[in-house]
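Let the hints inform the model, and build the full structure from the sequences given.
Number of protein chains: 2
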Amino acid sequence: METIKNFLNTNKLLNDKVRLAIMATLSTGDEALEFNHLLEKLELTKGNLSSHMRKLEEAGLVEIKKEFVGKKPKTTYLCTEEGKKECKEYLSALESLITSKE
Amino acid sequence: METIKNFLNTNKLLNDKVRLAIMATLSTGDEALEFNHLLEKLELTKGNLSSHMRKLEEAGLVEIKKEFVGKKPKTTYLCTEEGKKECKEYLSALESLITSKE
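Read top to bottom, the protein sequences are chains B and U.
When you line the first sequence up against our numbering, it's residues 403 to 504, in that order.
When you line the second sequence up against our numbering, it's residues 403 to 504, in that order.
Hints are supplied without guarantee of correctness; some may be wrong.
Claimed, not checked - Stretch by stretch, here's where chain B covers chain U in the computed footprint (C-beta under 8 Å, at least three residues):
#, region
1, 414-422
2, 488-501
Claimed, not checked - Derived pair list, reagent style SDA-like, types lysine to any residue, alpha-carbon separation capped at 25 Å:
#, chain 1, residue 1, chain 2, residue 2
3, B, Lys-419, U, Thr-501
4, B, Lys-419, U, Lys-486
5, B, Lys-419, U, Leu-451
6, B, Lys-407, U, Glu-433
7, U, Lys-486, U, Ile-466
Unchecked claim - Here are some chain U residues pointing at chain B (derived, C-beta under 8 Å):
#, residue
8, Ala-426
9, Thr-427
10, Thr-430
11, Lys-443
12, Leu-444
If you are wondering where the hints come from, they were derived from the structure by calculation, not from laboratory data.
Since the structure is predicted, the reported quantities are computational estimates derived from the model, not experimental observations.
The beta carbon of each residue, even a glycine, is placed where N, CA and C say it ideally should be.
Next comes the structure, spelled out in structure tokens:
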């Protein structure tokens, strides 16, 4: 039953399904993700997606890269080492929960 | 990116970390779980735990078994087939998200 407690103690930011989905994708792939790409695929509003990403950035889990491609602004997200660690902890704790026979 | 959408479309009741932890434990083990045991390990109030379990029961994900052991009431939870299905879908969708390189 310690496994349940470990799982409940993982990063609270990952409780939200959208943020967990973004972080699981960002932390395990090698690629950065673009704002517009995420927007289209997650079917969120711009404000909603920005708000999620800002929370993740403020917590140090993602880095936001802003640049211009020609005259168009482009926003890309990268997972930080801290983000990878937190995400790994979340997923391992969940895996332990599933496989444990306590 | 379909993988993100699949994950976001899994059962909303499992968005809550406590309910996910309970369901992951119930659906993958062979054992039923007792109310008092869960109460102690999850460090929730009785009302809070009851409320979570009622939601899971109303959605058909768990069955609640109430009986007397001597003079003491005993409440036990079992995962239904539906609960196993929903939990499996949640976990597979999350796994696809982690392993997919879309």
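Exercise for review: Would you pick out the hints that fail for this structure and give their numbers low to high?
Suggested key: none
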